[in-house]
Amino acid sequence: MISFFRVIKFAFQGFFRNFWLSLVTITMMLMALFSTTLLIGIDYIKEATLEGVNKKVDILVSLKPGASREEVELLATDLDSQAEVKKVTIITPEENKVLYEQSNLDEKAKKVLDIFDEDENPFSFSLAVQGNELSQYTTILDKISQEKYQDLVDSSDFNDFDSFVGKIENFSKVLNKYSWYIIGAFLLISIVVIFNTIRISIYSRKNEIMIMKLVGAGNWFVKMPFILEGVLYAFTAVVLLIAIIYPIINFIQPSLTMYFQDVNVINISEYFQSNFFLIFGTQFAVLALLNILSTSIAIRKYLKV
Amino acid sequence: MIKVTNLSKKYGKKIQALNDISFHIQPGEFVSIVGQSGSGKSTLIKIIIAELKADQGELLVGGWDISDIKEREVPTLRRQLGVIFQDYKLLAKKTVFENVAFAMEACGFAKKDIKKTVRQMLALVGLKDKEDRYPNQLSGGEQQRVAIARALVHKPKLLVADEPTGNLDSINTREIIDLLKKINNLGTTIVLVTHNKDVVNSLKGRVITLDNGVLISDQAQGRYLL
Chain A
122 MISFFRVIKF AFQGFFRNFW LSLVTITMML MALFSTTLLI GIDYIKEATL
172 EGVNKKVDIL VSLKPGASRE EVELLATDLD SQAEVKKVTI ITPEENKVLY
222 EQSNLDEKAK KVLDIFDEDE NPFSFSLAVQ GNELSQYTTI LDKISQEKYQ
272 DLVDSSDFND FDSFVGKIEN FSKVLNKYSW YIIGAFLLIS IVVIFNTIRI
322 SIYSRKNEIM IMKLVGAGNW FVKMPFILEG VLYAFTAVVL LIAIIYPIIN
372 FIQPSLTMYF QDVNVINISE YFQSNFFLIF GTQFAVLALL NILSTSIAIR
422 KYLKV
Chain B
896 MIKVTNLSKK YGKKIQALND ISFHIQPGEF VSIVGQSGSG KSTLIKIIIA
946 ELKADQGELL VGGWDISDIK EREVPTLRRQ LGVIFQDYKL LAKKTVFENV
996 AFAMEACGFA KKDIKKTVRQ MLALVGLKDK EDRYPNQLSG GEQQRVAIAR
1046 ALVHKPKLLV ADEPTGNLDS INTREIIDLL KKINNLGTTI VLVTHNKDVV
1096 NSLKGRVITL DNGVLISDQA QGRYLL
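Protein chains in written order, with the numbering used here: chain A, 122 to 426; chain B, 896 to 1121.
Just so you know, the hints here were simulated from the structure itself, not pulled from any lab data.
Note that the Cβ used here is the ideal one computed from N, Cα and C, for glycine as well.
Don't take every hint at face value.
[Said to hold, decoys possible] Computed list of lysine-lysine pairs in DSS-like fashion (alpha-carbon distance at most 27 Å, straight line):
#, chain 1, residue 1, chain 2, residue 2
1, A, LYS130, B, LYS1052
2, B, LYS1099, A, LYS327
3, B, LYS965, A, LYS327
4, A, LYS327, A, LYS264
5, A, LYS130, A, LYS185
[To be verified] Covered by chain A, according to a simulated footprint, are these stretches of chain B (three or more residues, beta-carbon under 8 Å):
#, segment
6, 926 to 937
7, 996 to 1007
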């Protein structure tokens, strides 16, 4: 037990008394952690963007003038029963008129409505159809184009929409495919950087290790403070990472919210908050383990005195 | 205390560092091992402190045959010896007190005993008032005295000094040799490795002379021959 406390004392002594060496080692680790966290953030933004786009996309089915409420409700129920369809919303002619008036169209375009009397509504019913997944929109579009619906459906811009959905879907596949390679490469680089940082740190203190051995210290007594120092490096690097990451998140969050005009699409601060222990705890555990392994390997040859 | 029998050591295939040397050092002796650079003095010391292994022969230290010592037994051997080096080998980031205490801490001594013994040893070497200094705040002679205090802290029966005055001026050399004589008078066996002719001649003690790895002379009241 005495030896255990001494080992902890020596670890703290080594950590603070070799201040510049500790600082350099922690900086290298911090850079590796920052890269990894950046990738985690980018991966979240990618996933959230695709999910957000998925939520925002719906098929607007314009129905022919004169379609009755009952016919529209029947069509909506029929579409809603399809496996690919998540939700069908009926938009009444009155709602369509209000939407048109509130839209971003210029005043000239809006003045078109002036040719109608105030109690006259040129708009018909329409349906907003939302699919479960982006990939299912083409199937939904095919179903809407069926002969049996053609007496009611009055839409003609299906093809443009089809290509838009296709592009998003391809983009998502490419991102998913290459992000793993990028993450893998970054992780590999980080591991190599950390391993070599520890090796250099141990190398610069090799005389200290040899002296300890020459005055009668056992391998365990010499090695353990260095291993604990590695854990301290990992802890300090993660604490510094948290101190750096949160201001960055708070800085970029308003821009992301503004871009999607919805705080719920990409809420990166909420994501880091709810996954705090998973993200930073895992990084600490992996880094500490890596440091322990690197120290054990690097110190081995200097213990043979 | 030390019994060397037919000890040989080669570096690679050609360099014969020690060639079939034998001698016996009794407890309480003060023995100088002399020789020029490359004569095998340092190799002999490295074998005594188990930093190197001999190729042939037998080496008994305090009755313990360390010719074929296992790695896990090395710390136990070193805790029974005191060793001082030419370059002091102090831990740069530890204070004088911590450097001396480290040897005891590694052995698992209690804090109270460490404090008491370290202070005693620092008083013995005349550094009681400098225990909070770091090695780079001391002169060469003072650093060597810290190393001596560290070597004595677990009260070894044998003190091995490998060129302890090699980096010191004549005044500090004299002080270190006087200190070693004082320690010897207290009953500790001293093995002094040196090529300092004046030191050896002033000691008027036993001198073992090595030349090219061969023991060429072992005189009870010897002088520096080479």
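Quick rundown of the hints versus the structure:
{"no.": "1", "hint": "A:LYS130 x B:LYS1052", "verdict": "30 Å, violated"}
{"no.": "2", "hint": "B:LYS1099 x A:LYS327", "verdict": "39 Å, violated"}
{"no.": "3", "hint": "B:LYS965 x A:LYS327", "verdict": "22 Å, holds"}
{"no.": "4", "hint": "A:LYS327 x A:LYS264", "verdict": "74 Å, violated"}
{"no.": "5", "hint": "A:LYS130 x A:LYS185", "verdict": "82 Å, violated"}
{"no.": "6", "hint": "926 to 937", "verdict": "violated (count 0)"}
{"no.": "7", "hint": "996 to 1007", "verdict": "holds (count 8)"}
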